[in-house]
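So the sequence lines, in the order shown, correspond to chains A and B.
Per numbering that gives the first Met the number 0, the first sequence runs over residues 0 to 96.
Per numbering that gives the first Met the number 0, the second sequence runs over residues 0 to 184.
These are computed hints drawn from the structure, not numbers from a lab.
You may find that some hints are simply not true.
Only pairs whose alpha carbons sit at most 20 Å apart, straight line, appear in this in silico SDA-like list of lysine to any residue [unchecked claim]:
| no. | chain 1 | residue 1 | chain 2 | residue 2 |
| --- | --- | --- | --- | --- |
| 1 | B | 145 | A | 18 |
| 2 | A | 83 | B | 75 |
| 3 | B | 145 | A | 64 |
| 4 | A | 83 | B | 55 |
| 5 | B | 145 | A | 33 |
| 6 | B | 145 | A | 14 |
| 7 | B | 25 | B | 147 |
| 8 | B | 25 | B | 92 |
| 9 | B | 145 | A | 17 |
| 10 | B | 92 | B | 73 |
| 11 | A | 83 | B | 57 |
| 12 | B | 145 | A | 44 |
| 13 | B | 25 | B | 132 |
| 14 | B | 92 | A | 1 |
| 15 | A | 83 | B | 74 |
| 16 | B | 145 | A | 2 |
| 17 | B | 145 | A | 19 |
| 18 | B | 145 | A | 83 |
| 19 | A | 83 | B | 92 |
| 20 | A | 83 | B | 56 |
| 21 | A | 83 | B | 50 |
| 22 | B | 145 | B | 108 |
| 23 | B | 145 | A | 60 |
So, partial list: chain A residues that the calculated Cβ filter (under 8 Å) puts toward chain B [stated by the list, open to error]:
| no. | residue |
| --- | --- |
| 24 | 3 |
| 25 | 7 |
| 26 | 8 |
| 27 | 12 |
| 28 | 13 |
| 29 | 23 |
| 30 | 24 |
| 31 | 46 |
| 32 | 64 |
| 33 | 66 |
| 34 | 72 |
| 35 | 74 |
| 36 | 76 |
Simulated DEER-style distance windows between Cβ atoms [unchecked claim]:
| no. | chain 1 | residue 1 | chain 2 | residue 2 | range |
| --- | --- | --- | --- | --- | --- |
| 37 | A | 41 | B | 6 | 42 to 48 Å |
| 38 | B | 56 | A | 38 | 30 to 36 Å |
| 39 | A | 14 | B | 11 | 35 to 41 Å |
| 40 | A | 87 | B | 157 | 56 to 62 Å |
Note that beta-carbon positions come from the ideal geometry of N, C-alpha and C, so glycine has one too.
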Amino acid sequence: MLLIRCPYCEEDRPELEFRHAGEAHLVRPSNMDAMSDAEFERFLFIRQNPKGVVFERWRHVHGCARFFNAARDTITDKFVTTYKAGEPKPTLEGAEE
Amino acid sequence: MAEPIGTLRRPALSDKRAARDTVSIKAADPCLRVALRAPRESVAAVSTALGVALPSRPKMSGSDGARSALWLGPDEWLVLDQAGNEMLPALAKVDAFHSAVDVSHRNVGIIVSGRGAADVINAGCPQDLSLTAFHVGACSRTLLGKIEIVLWRIAEDEFRIECWRSFADYADSLLRVAARDVSSS
Numbered sequence: 000m001l002l003i004r005c006p007y008c009e010e011d012r013p014e015l016e017f018r019h020a021g022e023a024h025l026v027r028p029s030n031m032d033a034m035s036d037a038e039f040e041r042f043l044f045i046r047q048n049p050k051g052v053v054f055e056r057w058r059h060v061h062g063c064a065r066f067f068n069a070a071r072d073t074i075t076d077k078f079v080t081t082y083k084a085g086e087p088k089p090t091l092e093g094a095e096e
Numbered sequence: 000m001a002e003p004i005g006t007l008r009r010p011a012l013s014d015k016r017a018a019r020d021t022v023s024i025k026a027a028d029p030c031l032r033v034a035l036r037a038p039r040e041s042v043a044a045v046s047t048a049l050g051v052a053l054p055s056r057p058k059m060s061g062s063d064g065a066r067s068a069l070w071l072g073p074d075e076w077l078v079l080d081q082a083g084n085e086m087l088p089a090l091a092k093v094d095a096f097h098s099a100v101d102v103s104h105r106n107v108g109i110i111v112s113g114r115g116a117a118d119v120i121n122a123g124c125p126q127d128l129s130l131t132a133f134h135v136g137a138c139s140r141t142l143l144g145k146i147e148i149v150l151w152r153i154a155e156d157e158f159r160i161e162c163w164r165s166f167a168d169y170a171d172s173l174l175r176v177a178a179r180d181v182s183s184s
């Protein structure tokens with residue numbers, strides 16, 4: 000079983016307590032009325048899905064219930080780091096900007 | 000190569016006897032419960048009204064007499080009153096922003112105690128329940144098999160499990176099967 004560090008509980012906890020919640024650092028546009036369908040599609044559906052380090056939202060749903068962000072390597076499935084929601088995206092080797 | 004597992008003959012009533020030897024599983028007495036949310040600025044005022052300091056560190060619990068506050072998240076607690084004293088009237092007078100909901104009848108408490116208590120809970124709970132990781136007084140929302148529970152270590156070999164009422168039968172059955180395995184190993 001994977002152990003995932005929850006930045007709010009400040010310890011490694013079993014993966015069963017967590018739930019994946021999609022790509023992190025997506026900014027919801029403030030001018031949706033003015034967006035074209037293509038732009039809206041890009042915001043709502045199009046994800047990067049790179050090979051290597053990805054930034055994801057996770058939720059400690061059966062623990063403290065908080066959302067947080069994690070950097071995970073899709074090749075090794077190793078969690079590089081986790082950090083609280085709202086904190087800036089860390090600069091990591093191998094990660095796309 | 001893995002050894003094949005044979006079937007074991009299990010005498011009638013063996014479950015009950017085994018459970019009595021090493022682990023006791025029993026329903027906790029009814030108690031009052033409040034699901035509490037409060038931002039950091041409100042914690043002091045809410046603590047004063049409740050008469051118990053809300054713990055601010057993960058997995059910590061705090062008690063004063065029969066009233067206990069269990070840390071569930073950075074701004075979330077489960078408050079228990081085992082003496083049956085209502086908490087909402089006092090909280091209603093607090094001006095500081097918070098949310099308190101009486102969930103006394105939503106939950107059922109199960110007390111698991113005895114030498115093998117941690118092993119029995121670990122049959123369905125993936126957390127590290129060693130005394131160094133889960134000290135006496137530690138509490139956490141976690142899983143027991145397929146259900147979510149709040150686990151609270153009240154003594155070295157005594158735990159309180161809080162689960163939702165409709166899951167209580169499942170929790171109790173799972174613990175009893177685990178107790179049979181733990182006591183036969």
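Do the hints match the structure? See the list:
Between the alpha carbons of residue 145/B and residue 18/A the distance comes to roughly 14 Å, so the proposed pair stays at or under 20 Å and holds. In summary, the hint linking residue 83/A to residue 75/B is supported, as the alpha carbons are separated by about 16 Å, within the 20 Å threshold. Between residue 145/B and residue 64/A the alpha-carbon distance is near 17 Å, which keeps this suggested pair within the 20 Å criterion. For the suggested pair residue 83/A and residue 55/B, the alpha carbons sit about 17 Å apart, so the restraint of at most 20 Å is met.
For a cut-off of 20 Å, the pair hint linking residue 145/B to residue 33/A is broken: about 46 Å separates their Cα positions. Distance restraint check for residue 145/B and residue 14/A: the Cα-Cα separation of roughly 14 Å lies within the 20 Å cut-off, and the hinted pair is therefore satisfied. For the hint linking residue 25/B to residue 147/B, the alpha-carbon distance of about 19 Å falls within 20 Å, and the restraint holds. Proposed proximity of residue 25/B and residue 92/B is contradicted: the alpha carbons are some 36 Å apart, above 20 Å.
Pair hint residue 145/B plus residue 17/A holds up; C-alpha atoms about 14 Å apart against a cutoff of 20 Å. Annotation: proposed proximity of residue 92/B to residue 73/B is violated, straight-line Cα distance about 23 Å (limit 20 Å). Annotation: proposed proximity of residue 83/A to residue 57/B holds, straight-line Cα distance about 14 Å (limit 20 Å). Distance check on the hinted pair: residue 145/B and residue 44/A sit about 32 Å apart at the alpha-carbon level, beyond 20 Å; violated.
Restraint check for residue 25/B and residue 132/B: the C-alpha separation of about 25 Å exceeds 20 Å, so the hint is violated. For the hint linking residue 92/B to residue 1/A, the alpha-carbon distance of about 45 Å lies beyond 20 Å, and the restraint is violated. Of the supplied pair hints, the one linking residue 83/A and residue 74/B holds, its CA atoms being roughly 14 Å apart against a limit of 20 Å. Restraint check for residue 145/B and residue 2/A: satisfied, since their Cα atoms lie roughly 19 Å apart, inside the 20 Å limit.
For a cut-off of 20 Å, the pair hint linking residue 145/B to residue 19/A stands: about 18 Å separates their Cα positions. At most 20 Å may separate the alpha-carbon atoms for a hinted pair to count; residue 145/B and residue 83/A exceed this at roughly 27 Å. The hinted pair formed by residue 83/A and residue 92/B fails the criterion: a straight-line CA distance of about 33 Å is larger than 20 Å. A C-alpha spacing of about 16 Å is found between residue 83/A and residue 56/B, which places the hinted pair at or below 20 Å, so the restraint holds.
Among the hinted pairs, residue 83/A with residue 50/B is inconsistent with the structure: their alpha-carbon atoms are about 31 Å apart, more than 20 Å. Distance hint between residue 145/B and residue 108/B is fulfilled; the C-alpha atoms sit about 17 Å from each other, no more than 20 Å. Taken as a hint, the residue 145/B and residue 60/A pair is honoured in the structure, with Cα atoms around 13 Å apart against an allowance of 20 Å. For residue 3/A, the suggested interface contact is broken, since its CB lies about 11 Å from the closest CB of chain B, more than 8 Å.
Given hint, residue 7/A at the interface with chain B, holds; its Cβ is 5 Å from that chain's nearest Cβ, closer than 8 Å. At about 4 Å, the closest approach between the beta carbon of residue 8/A and any beta carbon in chain B falls short of 8 Å, and the interface hint on this residue holds. The restraint placing residue 12/A at the interface with chain B holds, with a minimum CB-CB distance near 7 Å, inside the 8 Å limit. The restraint placing residue 13/A at the interface with chain B holds, with a minimum CB-CB distance near 4 Å, inside the 8 Å limit.
A cut of 8 Å between beta carbons decides the hint on residue 23/A: the least distance to chain B is about 19 Å, and the hint is violated. With 8 Å as the threshold, the beta carbon of residue 24/A stays out of range of chain B, its nearest partner Cβ sitting at about 21 Å, so the hint is violated. The restraint placing residue 46/A at the interface with chain B is violated, with a minimum CB-CB distance near 28 Å, outside the 8 Å limit. A least Cβ separation of about 5 Å between residue 64/A and chain B falls short of the 8 Å threshold, and the interface hint therefore holds.
Taken as an interface hint, residue 66/A does not check out: its beta carbon lies about 11 Å from the nearest beta carbon of chain B, beyond 8 Å. Given the 8 Å rule on beta carbons, the hint for residue 72/A is violated: about 23 Å separates it from the nearest Cβ of chain B. The beta carbon of residue 74/A comes no nearer than 25 Å to any beta carbon in chain B, farther than 8 Å, and the hint placing it at the interface is violated. Given hint, residue 76/A at the interface with chain B, is violated; its Cβ is 18 Å from that chain's nearest Cβ, farther than 8 Å.
The given range of 42 to 48 Å is broken by residue 41/A and residue 6/B, whose C-beta atoms sit roughly 59 Å from each other. The hinted window of 30 to 36 Å between residue 56/B and residue 38/A is violated, with their beta carbons roughly 45 Å apart. The supplied range of 35 to 41 Å is met by residue 14/A and residue 11/B, whose beta-carbon atoms lie about 39 Å from each other. At about 44 Å, the CB distance of residue 87/A to residue 157/B disagrees with the hint of 56 to 62 Å.
Taken one by one, the earlier hints fail for this structure at numbers 5, 8, 10, 12, 13, 14, 18, 19, 21, 24, 29, 30, 31, 33, 34, 35, 36, 37, 38 and 40, listed in ascending order.
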